[in-house]
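First residue of the sequence shown? That's 1 in the numbering used here, and the numbers climb one at a time after it.
One thing to keep in mind: the hints can contain errors.
[To be verified] Label pairs and their in silico Cβ distance ranges:
#1 Thr79 with Leu55: 15 to 25 Å
#2 Ser125 with Gly97: 41 to 51 Å
#3 Gly121 with Gly45: 41 to 51 Å
#4 Asp34 with Lys94: 15 to 25 Å
Source of the hints: derived by calculation from the structure; they are not laboratory data. Note that the Cβ used here is the ideal one computed from N, Cα and C, for glycine as well.
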Amino acid sequence: MRRATAIALALTLALVVPATALAKASCPRTSLGDVENEVMCLECGVPLDVATDSLQAHQERAFITREIAACRTKDQIKTALAAQYGDRVLATPKAKGIGLAAYLVPSAALILGALRRLRAGPPASATTDPSESARLEADLGRYDL
Numbered sequence: 001m002r003r004a005t006a007i008a009l010a011l012t013l014a015l016v017v018p019a020t021a022l023a024k025a026s027c028p029r030t031s032l033g034d035v036e037n038e039v040m041c042l043e044c045g046v047p048l049d050v051a052t053d054s055l056q057a058h059q060e061r062a063f064i065t066r067e068i069a070a071c072r073t074k075d076q077i078k079t080a081l082a083a084q085y086g087d088r089v090l091a092t093p094k095a096k097g098i099g100l101a102a103y104l105v106p107s108a109a110l111i112l113g114a115l116r117r118l119r120a121g122p123p124a125s126a127t128t129d130p131s132e133s134a135r136l137e138a139d140l141g142r143y144d145l
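Taking the hints into account, I'd like the entire structure generated from these sequences.
If you want it as structure tokens, here you go:
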């Protein structure tokens, strides 16, 4: 009887241990640090990883920690934070609506600046007076480089 109990216990453990490992493997490896630098402290106006003693920062960290314990991914946590606190909590705006301007305006400014530079042509070469060139050469000759 004892032997049958030991075999049953061994079989049970053989089934439970891999199932537990499989359950842990299916949980995404999201950490507090992964999420902190992509969300803002609403009270301080800085990324959450920089905010220190703010009550709001502590509440947001606790919220993120609960979501991590519930095996949420980083994107799911950010979506839940935005639902809880509003879109202002996200460090980068969503690429739709007015938030799209945050991505388009700098790109357009770079393109316009490059076009302006190309249309202007090469810069004019500086002309030097021969007497200034001679004076410069004399000054440089005094230094032992």
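Results of checking the hints against the structure:
The supplied range of 15 to 25 Å is met by threonine 79 and leucine 55, whose beta-carbon atoms lie about 23 Å from each other. Between serine 125 and glycine 97 the beta carbon distance is about 49 Å. The supplied range of 41 to 51 Å therefore holds. Distance hint for glycine 121 and glycine 45: a CB-CB separation of about 44 Å, consistent with the stated range 41 to 51 Å. Checked against the hint of 15 to 25 Å, the pair aspartate 34 and lysine 94 passes, with Cβ atoms roughly 19 Å apart.
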